[in-house]
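So the sequences go chain by chain: G and U.
Taking the UniProt record's numbering, the leading residue of the first sequence gets 1, the next gets one more, and so forth.
Taking the UniProt record's numbering, the leading residue of the second sequence gets 1, the next gets one more, and so forth.
Check before you lean on any hint, since a few could be wrong.
Unchecked claim - List of simulated lysine to aspartate or glutamate pairs, EDC-like, C-alpha gap at most 20 angstroms:
no., chain 1, residue 1, chain 2, residue 2
1, U, K48, G, E60
2, G, K83, U, D47
3, U, K48, G, D11
4, U, K48, G, D34
Stated by the list, open to error - Across the chosen pairs, the derived CB separations fall in these ranges:
no., chain 1, residue 1, chain 2, residue 2, range
5, G, E158, U, D45, 26 to 34 angstroms
6, G, L105, U, R46, 15 to 23 angstroms
7, U, E28, G, H305, 49 to 57 angstroms
8, U, V43, G, P77, 38 to 46 angstroms
These are calculated hints, taken from the structure and not from any lab test.
Glycine included, every Cβ here is placed at the ideal spot set by N, Cα and C.
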Amino acid sequence: MGQAYSTIAFDPSACDGCGECMKACARVKFDSADVSRSLIQIVKSGDGADMRPGTPGEFELALCRQCGDPKCVTVCPAAALTKNGSTGVIDWDPAKCVDCLLCTLGCSYAGISLDAEVGRVSKCDTCDGNPACVPACPHGALRYVTTSRIYNEVGDWEDLFAPGLAGCQGCNTELLMRHALRRVGPDTVLATPPGCVPGMGSVGFNGTTGTKVPVFHPLLTNTASMLAGIKRQYKRVGRDITAMAIAGDGGASDVGFQSLSGAAERGEQILFLVIDNEGYMNTGMQRSSCTPFGAWTSTTPVGEHGQGKTQDAKNLPLIMVNHRCEYVATASTAFMEDLYDKLDKAIAASKRGFAYLHVYSPCTTGWRFPGDRNIEVARKAVETNFVLLWEYTQNRGLRFTRPVNDPAPVTEYLKTMARFKHLSEAQIDHIQRKVEENLRFVKRMAEMADAE
Amino acid sequence: MSERHHRYPTFDLKVANVPDDLCPVATELSPMMPGDWRSFRPVVDRDKCVKCAVCWLYCPVQCVEEHAAWFDFNLDTCKGCGICATECPQRAIVMIPEVK
Numbered sequence: 001m002g003q004a005y006s007t008i009a010f011d012p013s014a015c016d017g018c019g020e021c022m023k024a025c026a027r028v029k030f031d032s033a034d035v036s037r038s039l040i041q042i043v044k045s046g047d048g049a050d051m052r053p054g055t056p057g058e059f060e061l062a063l064c065r066q067c068g069d070p071k072c073v074t075v076c077p078a079a080a081l082t083k084n085g086s087t088g089v090i091d092w093d094p095a096k097c098v099d100c101l102l103c104t105l106g107c108s109y110a111g112i113s114l115d116a117e118v119g120r121v122s123k124c125d126t127c128d129g130n131p132a133c134v135p136a137c138p139h140g141a142l143r144y145v146t147t148s149r150i151y152n153e154v155g156d157w158e159d160l161f162a163p164g165l166a167g168c169q170g171c172n173t174e175l176l177m178r179h180a181l182r183r184v185g186p187d188t189v190l191a192t193p194p195g196c197v198p199g200m201g202s203v204g205f206n207g208t209t210g211t212k213v214p215v216f217h218p219l220l221t222n223t224a225s226m227l228a229g230i231k232r233q234y235k236r237v238g239r240d241i242t243a244m245a246i247a248g249d250g251g252a253s254d255v256g257f258q259s260l261s262g263a264a265e266r267g268e269q270i271l272f273l274v275i276d277n278e279g280y281m282n283t284g285m286q287r288s289s290c291t292p293f294g295a296w297t298s299t300t301p302v303g304e305h306g307q308g309k310t311q312d313a314k315n316l317p318l319i320m321v322n323h324r325c326e327y328v329a330t331a332s333t334a335f336m337e338d339l340y341d342k343l344d345k346a347i348a349a350s351k352r353g354f355a356y357l358h359v360y361s362p363c364t365t366g367w368r369f370p371g372d373r374n375i376e377v378a379r380k381a382v383e384t385n386f387v388l389l390w391e392y393t394q395n396r397g398l399r400f401t402r403p404v405n406d407p408a409p410v411t412e413y414l415k416t417m418a419r420f421k422h423l424s425e426a427q428i429d430h431i432q433r434k435v436e437e438n439l440r441f442v443k444r445m446a447e448m449a450d451a452e
Numbered sequence: 001m002s003e004r005h006h007r008y009p010t011f012d013l014k015v016a017n018v019p020d021d022l023c024p025v026a027t028e029l030s031p032m033m034p035g036d037w038r039s040f041r042p043v044v045d046r047d048k049c050v051k052c053a054v055c056w057l058y059c060p061v062q063c064v065e066e067h068a069a070w071f072d073f074n075l076d077t078c079k080g081c082g083i084c085a086t087e088c089p090q091r092a093i094v095m096i097p098e099v100k
């Protein structure tokens with residue numbers, strides 16, 4: 001396997017050309033107030049002459065992208081530019097450079113240019129993995145994407161599901177279960193109660209299997225108890241396995257809650273992963289107790305009499321905290337680094353007691369949004385505080401892992417999908433109030449834990 | 001089919017010494033390939049790819065494969081959902097219609 005690298009991402013729709021990134025770069029790199037020396041340049045679309053701040057969407061980025069196949073390196077006659085295999089940065093060696101400036105013509109992104117002050121070329125080196133421009137941006141138009149570290153760690157690990165599963169196009173559940181089972185590893189016994197997970201073929205079709213570890217298909221009602229028995233038998237014969245369940249929110253919060261609660265109370269050594277797509281999506285999008293207020297489902301229809309679900313969602317992860325489990329956490333696939341940290345902790349905790357991981361998983365079919373928007377919907381849920389990311393252990397109590405201090409209004413999330421498009425002002429107000437109330441409630445628990 | 005999908009052997013009844021009259025146990029992997037569902041296909045601009053692995057991270061079928069200087073897709077399993085194209089931080093991926 002090769003290597004993946006961190007990258008600086010630019011969102012032109014958020015940039016208003018204020019130039020803070022350039023000021024930060026010139027200051028950090030050259031101790032100068034002259035933004036023309038900055039290695040990152042924001043230019044107005046068109047001739048670039050008018051540099052006054054303006055409307056987002058009008059600006060473009062000139063910055064070394066640290067290309068995978070860098071043209072500046074190809075054209076350099078003196079081998080002064082090289083792609084660094086471990087950091088991904090294109091390194092410039094001033095001792096070898098003959099100042100021919102061919103590289104500035106080779107690059108089509110204006111990523112390397114002449115620094116008139118010293119008469120030599122200069123280019124971005126990402127500040128050794130901590131770029132000064134990114135935190136300087138007040139609009140969040142620059143992001144330093146570091147998720148490549150996950151690829152570098154687990155990218156060549158075995159995907160423990162069959163290559164072909166029948167999840168919908170853009171299925172978040174399929175994404176999540178492939179990541180999770182690969183992380184947990186081959187010494188695992190997997191239980192998947194009725195729902196999308198076995199429905200898409202993880203238990204196989206026509207006498208074949210969809211999973212490369214032992215997998216079984218319990219009833220909705222007995223997942224946790226059946227898995228507890230299997231784990232105990234493996235312990236009896238002296239074999240260390242991870243007993244893992246991948247269940248939907250219906251299979252955990254409604255039908256399977258009794259056995260889940262029992263196993264958690266007994267402290268069975270299980271890793272219980274709940275994929276919360278807020279309904280019974282596999283059987284035709286019926287409402288569950290995790291479906292949020294106002295949402296359209298096939299059993300909470302929208303029409304002359306009904307306007308979506310009339311009750312609020314049950315907060316299952318908080319109920320699991322009240323079981324004093326070994327580990328409880330909520331996660332989202334839009335924040336993979338956070339999710340991977342929690343997976344690691346949950347795997348370790350499942351060797352000592354009950355580990356419960358609740359992952360919010362947007363459903364392209366049931367929530368009615370285009371499949372390619374899946375991660376965006378998951379991200380908006382967190383950015384509006386509709387979904388809170390936290391973890392709980394008995395020693396530390398509850399703590400936020402990714403607090404959102406400046407949340408967007410919940411409408412930013414609601415408008416991404418059609419299951420909420422009928423909402424009245426009153427319903428939206430209700431949802432916003434609930435989001436704030438839920439935040440206050442969980443915050444109190446976190447503050448209590450901090451105080452101890 | 002990519003190499004990494006076949007590194008571990010699947011469960012072998014004889015090796016595990018499981019009686020074959022106990023209950024049916026599936027030992028062969030499902031051969032279903034969802035690549036023919038696609039109506040759009042991801043195409044990578046190799047000059048724009050910086051190998052950040054975001055496409056791999058968010059690909060639900062995990063069909064992203066690494067090449068020397070770019071990431072590409074296994075079209076046997078790619079369902080054409082377009083998450084990679086939407087999430088690519090360098091906008092190096094476009095979805096083009098599958099036409100005969």
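For each hint, the structure was consulted:
About 15 angstroms separates the Cα atoms of K48 (chain U) and E60 (chain G), which keeps this hinted pair within 20 angstroms; it holds. Proposed proximity of K83 (chain G) and D47 (chain U) is supported: the alpha carbons are some 14 angstroms apart, at most 20 angstroms. With a CA separation close to 16 angstroms, the supplied pair K48 (chain U) and D11 (chain G) stays within the 20 angstroms bound. For the suggested pair K48 (chain U) and D34 (chain G), the alpha carbons sit about 30 angstroms apart, so the restraint of at most 20 angstroms is broken.
Roughly 30 angstroms separates the CB atoms of E158 (chain G) and D45 (chain U), a value that falls within the hinted 26 to 34 angstroms. For the pair L105 (chain G) and R46 (chain U), the beta carbons lie near 20 angstroms from each other, so the given range of 15 to 23 angstroms is met. Restraint check, E28 (chain U) to H305 (chain G): a C-beta distance of roughly 51 angstroms satisfies the suggested window 49 to 57 angstroms. For the hinted restraint 38 to 46 angstroms between V43 (chain U) and P77 (chain G), the CB-CB distance of approximately 33 angstroms leaves it violated.
Against the hints set out earlier in the document, violations occur for numbers 4 and 8.
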